[in-house]
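Build the full structure now, drawing on both the sequences and the hints.
Residue numbers (UniProt numbering), protein chains in the order written: chain U, 1 to 223; chain L, 1 to 163.
Rather than coming from a laboratory, the hints here were simulated on the basis of the structure.
Don't be surprised by glycine CBs; every beta carbon is placed ideally from N, CA and C.
One or more hints might be untrue.
[Claimed, not checked] Here are the simulated distance ranges between beta carbons: (1) L:E143 <-> U:T53: 40 to 48 Å; (2) L:L86 <-> U:D44: 43 to 51 Å; (3) L:R30 <-> U:G79: 47 to 55 Å; (4) L:I33 <-> U:S145: 54 to 62 Å.
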Amino acid sequence: MAEDRAKPCELDQEKYDADDNVKIICLGDSAVGKSKLMERFLMDGFVPQQLSTYALTLYKHTATVDGRTVLVDFWDTAGQERFQSMHASYYHKAHACIMVFDVQRKVTYRNLATWYTELREFRPEIPCIVVANKIDADRKMTQKSFNFTKKFSLPLYFVSAADGTNVVKLFNDAIRLAVSYKQNSRDFMDEVLQELENFDLEQKEEDVPAPEQHGSTESPSSS
Amino acid sequence: MMCTAKKCGIRFQPPAIILIYENEMKGKSRQRIMPVRNFSKFSDCSRAAEQLKNNPRHKSYLEQVSLRQLEKLFSFLRGYLLGQSLAETMEQIRRETTIDPEEDLNKLDDKELAKKKSIMDELFEKNQKKKDDPNFVYDIEVEFPQDEQLQSCGWDTESADEF
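This is the structure we're talking about:
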């Protein structure tokens, strides 16, 4: 348990409220190339942090947007996508989403619908970019239209983590979108969540000083 | 020793990998029989292939035979030991060494997924532009205009409601 207590600070999500921090999440099926895209963008400058307890890989990056320094955390799945669903904390406070499919595998495109539904459950307003990866394997796919992106008016990027096509552009655009979302959004859900958090705090003060609630099996007190 | 591999196959009974090759004497084919020992239907084919390729007695003869081919030959042997027909084994090998675009890889376990990823990595590495390549460019932007003329990807459903 002592170890457990040390862990949550690694995953402190409070920092994403700070002005110069943004959180960008990657979604998509197994083996569509999410990590390969991250690695191509960051090249040698990346030190991924494996948080295996959370089935999650964090990539930290420093960007400059309009002369301002921005600290970007990219969240990448580490097998958790196998369950076709991510833990709520994965979406928590995210400012943009990069949603990837493999142009060689139809099923990964079809599954975008599931990913998108889940994303919107937690983050109804954040910018989302759809990525058609592995175009080096089948260049013809760049000449096709994809209804999914049209239906939801999402930008579509044709990229290749292998030869590098449009990878840097994709990530720089995602960072820009995340920053502008953060500056401009009055996201209804954000406000509701903020309210709930405040509410939570007030309640806790009234309660008996409670230890950390991790893994607690207590039933919620009736109000 | 100069050794040019011509053909490599497997014999089931008694099990052996057989290599047809030519040495310095051009035009004269020779045959080398390499008995397969301690291999059962539970054995790991890639491991068996590696062991044979690194076997000090056979190593030099097998230089030109790929690990992949040896692994495939062992798969045939394992299929035979499992009582499968040749067609069944061939189908199994095809499934294991290619990516089925319809298959949902989310449903595989770690080991199977790792295998599929390694098949995909082959193409990735083939097409990869590495940082130390002389013509490497970090930021490559290519526009792919999405206008009305485009043909549908064919992956969307017919109904207008769904995508």
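Worksheet item: Okay, which hints does this one fail, numbers in order?
Response: none
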